[in-house]
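Heads up: the protein sequence lines correspond to chains A and B, in order. Mapping of the first sequence onto the numbering used here: residues 1 to 380, in sequence order. Mapping of the second sequence onto the numbering used here: residues 381 to 486, in sequence order.
Hints are computed from structural coordinates only; laboratory data are not their basis. Hints may be right or wrong, so weigh each one.
Said to hold, decoys possible - DSSO-like cross-link-like pairs, simulated, lysine-lysine; straight-line CA separation at most 30 Å:
no.: 1; chain 1: A; residue 1: Lys194; chain 2: A; residue 2: Lys150
no.: 2; chain 1: A; residue 1: Lys48; chain 2: A; residue 2: Lys67
no.: 3; chain 1: A; residue 1: Lys67; chain 2: B; residue 2: Lys391
no.: 4; chain 1: A; residue 1: Lys150; chain 2: B; residue 2: Lys426
no.: 5; chain 1: B; residue 1: Lys391; chain 2: A; residue 2: Lys48
no.: 6; chain 1: A; residue 1: Lys48; chain 2: A; residue 2: Lys330
no.: 7; chain 1: A; residue 1: Lys194; chain 2: A; residue 2: Lys48
no.: 8; chain 1: B; residue 1: Lys391; chain 2: A; residue 2: Lys194
no.: 9; chain 1: A; residue 1: Lys150; chain 2: B; residue 2: Lys391
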Amino acid sequence: MTRFQVLVVGAGPAGLAAAIEAATAGATVMVIDENSAPGGQLFKQIHKFFGSSAHYAGIRGLDIGRKMLDEAQSCGVEIWLDSTVWGLFPDNHVAVIRDECSMLIEAEKVILATGAYENALSFPGWTLPGVITAGSLQTMMNVQRVLPAKRMLMVGAGNIGLIVSYQAMQAGMDVLAVIEARDRIGGYAVHAAKIRRYGVPILTSHTISEAHGAERVESATLVHLDDRFLPIEHTERRIDVDMICLAVGLTPMAELAWMAGCQFAYVPEAGGHVPIHDENMETTVPGLYVAGDITGIEEANTAIDEGRLAGIAAAEALGYCSQDEASGRKALVCERLDELRLGEVNRTRRTVQRILQAQSSGVQQELSDVSPQRGRSQIG
Amino acid sequence: MRIVDHPILGKLAQDRTVTITVDGRALEAIRGETILATLLAHGIRKCRTTEKHHEPRWFFCGIGRCTDCVMTVDGVPNVRTCVTMVRQGMVVETQTGLGEDGGGES
Numbered sequence: 001m002t003r004f005q006v007l008v009v010g011a012g013p014a015g016l017a018a019a020i021e022a023a024t025a026g027a028t029v030m031v032i033d034e035n036s037a038p039g040g041q042l043f044k045q046i047h048k049f050f051g052s053s054a055h056y057a058g059i060r061g062l063d064i065g066r067k068m069l070d071e072a073q074s075c076g077v078e079i080w081l082d083s084t085v086w087g088l089f090p091d092n093h094v095a096v097i098r099d100e101c102s103m104l105i106e107a108e109k110v111i112l113a114t115g116a117y118e119n120a121l122s123f124p125g126w127t128l129p130g131v132i133t134a135g136s137l138q139t140m141m142n143v144q145r146v147l148p149a150k151r152m153l154m155v156g157a158g159n160i161g162l163i164v165s166y167q168a169m170q171a172g173m174d175v176l177a178v179i180e181a182r183d184r185i186g187g188y189a190v191h192a193a194k195i196r197r198y199g200v201p202i203l204t205s206h207t208i209s210e211a212h213g214a215e216r217v218e219s220a221t222l223v224h225l226d227d228r229f230l231p232i233e234h235t236e237r238r239i240d241v242d243m244i245c246l247a248v249g250l251t252p253m254a255e256l257a258w259m260a261g262c263q264f265a266y267v268p269e270a271g272g273h274v275p276i277h278d279e280n281m282e283t284t285v286p287g288l289y290v291a292g293d294i295t296g297i298e299e300a301n302t303a304i305d306e307g308r309l310a311g312i313a314a315a316e317a318l319g320y321c322s323q324d325e326a327s328g329r330k331a332l333v334c335e336r337l338d339e340l341r342l343g344e345v346n347r348t349r350r351t352v353q354r355i356l357q358a359q360s361s362g363v364q365q366e367l368s369d370v371s372p373q374r375g376r377s378q379i380g
Numbered sequence: 381m382r383i384v385d386h387p388i389l390g391k392l393a394q395d396r397t398v399t400i401t402v403d404g405r406a407l408e409a410i411r412g413e414t415i416l417a418t419l420l421a422h423g424i425r426k427c428r429t430t431e432k433h434h435e436p437r438w439f440f441c442g443i444g445r446c447t448d449c450v451m452t453v454d455g456v457p458n459v460r461t462c463v464t465m466v467r468q469g470m471v472v473e474t475q476t477g478l479g480e481d482g483g484g485e486s
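Between the sequences and the hints, there should be enough to build the whole structure, so can you do that?
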């Protein structure tokens, strides 16, 4: 059986950061990713990042991806692409399919940085060709360099909906409108302003009630919503579009953590069920760590820092750095994470972080504090 | 349609091409791109029809999770075209239902 000290699942920002930290400390590190190119979603992100310089502020996602890949390679991280981790068994035995062969790899520490998948939204006509996710459009435009359509409607005014709308215009598409079921725009004002300047209306308290077309999307019906999210009669209007993009949130991809027997918390603010983890990003299964969107939906820069934490912690647990040294390095990362999570969008995430860590140390009280309307969060 | 000029990404390199066949039609593809990208570049808006209601399907998630975009590639059904790269001479066919090996061909 192949053995590695640290095995990271996922070569996105969190996984690469974790691998770089652990390998720099001296551990043998392997990263496995099912895609044929590393970088996760970073190479689709052609916009400049926010945050401090430690977070690559002002640098575009794709350049961050290149930089991290170089770093990973120079510190000796082995990356397997086109390889799918399909199972996680006791004692960190990891089952992988590569070149149509299945094999087991044994690792002392496993870091899950599997990311997330985009949510769907169902309405009459949603299965028609032309209804796609926002990330999907981003992949086609920014990585594959093809335009699937000409005139689109964006559903969802969070950061992804706003940014991808702007990128669609950069690529040459017409964006007819961005609609948002809530009564306010969820994403940053600066992203909203960018598309508004080009005359794209952002319609809050609106949803799509139907997509029309015989063989493909030809138009969409929008409807105004009241404050209970119910459609208001006689407010329907139809717009001609050949593409409907859904930017309605993401769900952490946590199958492997479930399989390993991790304890979970249901935190709607984090995107659903997330593995409970401590300040070292270690789950309730010893030696199994998580980083990035699997811990709750956030952004690439926070994913990078969570990856660093997990990588440092794994190296520390393996004896590659002293407790003092590790604490110092982790404290620096945590400071930056706190800074990143100061914004309004990220405030929820800080609360989520508190809950998860509180749960991890056995404190249950905070649970009922965070989502009183939903009652108690469940522990899976 | 290909995005030849992009304000951030610059000009598209189109020098290394291969040819694939889609439903009998020879299409120019760029090496390193996915089958789906080639379809989109040539304006093809259907990957398959569904087993029960024979409805058209195209792509949805674009990262290999939803399997909406599966087609029959070199005789093998249910190949995810959004994560499968083109190869010279590849034969791609619009899939009907579950495809021949899936027992659902009508």
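Requested in this report: Decide if the proposed pair is consistent with the structure: A/Lys150 and B/Lys391, CA atoms, cutoff 30 Å inclusive.
Outcome: Roughly 20 Å separates the two Cα atoms, so the pair holds.
Query raised in the report: Taken at face value, is the distance from the CA of A/Lys67 to the CA of A/Lys48 at most 30 Å?
Result: Holds. A/Lys48 to A/Lys67 sits at ~15 Å (cutoff 30 Å).
Query raised in the report: Does the structure keep B/Lys391 and A/Lys194 at a Cα separation of 30 Å or less?
Result: 24 Å, holds
Query raised in the report: Would the pair A/Lys150 and B/Lys426 pass a check requiring their Cα atoms to be no farther apart than 30 Å?
Result: 16 Å, holds
Report task. Assess, step by step, whether the Cα of A/Lys67 is no farther than 30 Å from the Cα of B/Lys391, and give holds or violated. Result -> 22 Å, holds
Query raised in the report: Is A/Lys194 close enough to A/Lys48, meaning Cα to Cα at most 30 Å?
Result: This hinted pair holds, its Cα atoms lying about 13 Å apart.
Query raised in the report: Is the straight-line distance between the alpha-carbon of A/Lys194 and that of A/Lys150 30 Å or less?
Result: Within the cut-off at roughly 20 Å; holds.
Query raised in the report: Given the hint that A/Lys48 pairs with A/Lys330, does the C-alpha gap stay at or below 30 Å?
Result: 26 Å, holds
Requested in this report: Assess, step by step, whether the Cα of B/Lys391 is no farther than 30 Å from the Cα of A/Lys48, and give holds or violated.
Outcome: Holds, at about 20 Å.
Of the numbered hints given earlier, the model fails none.
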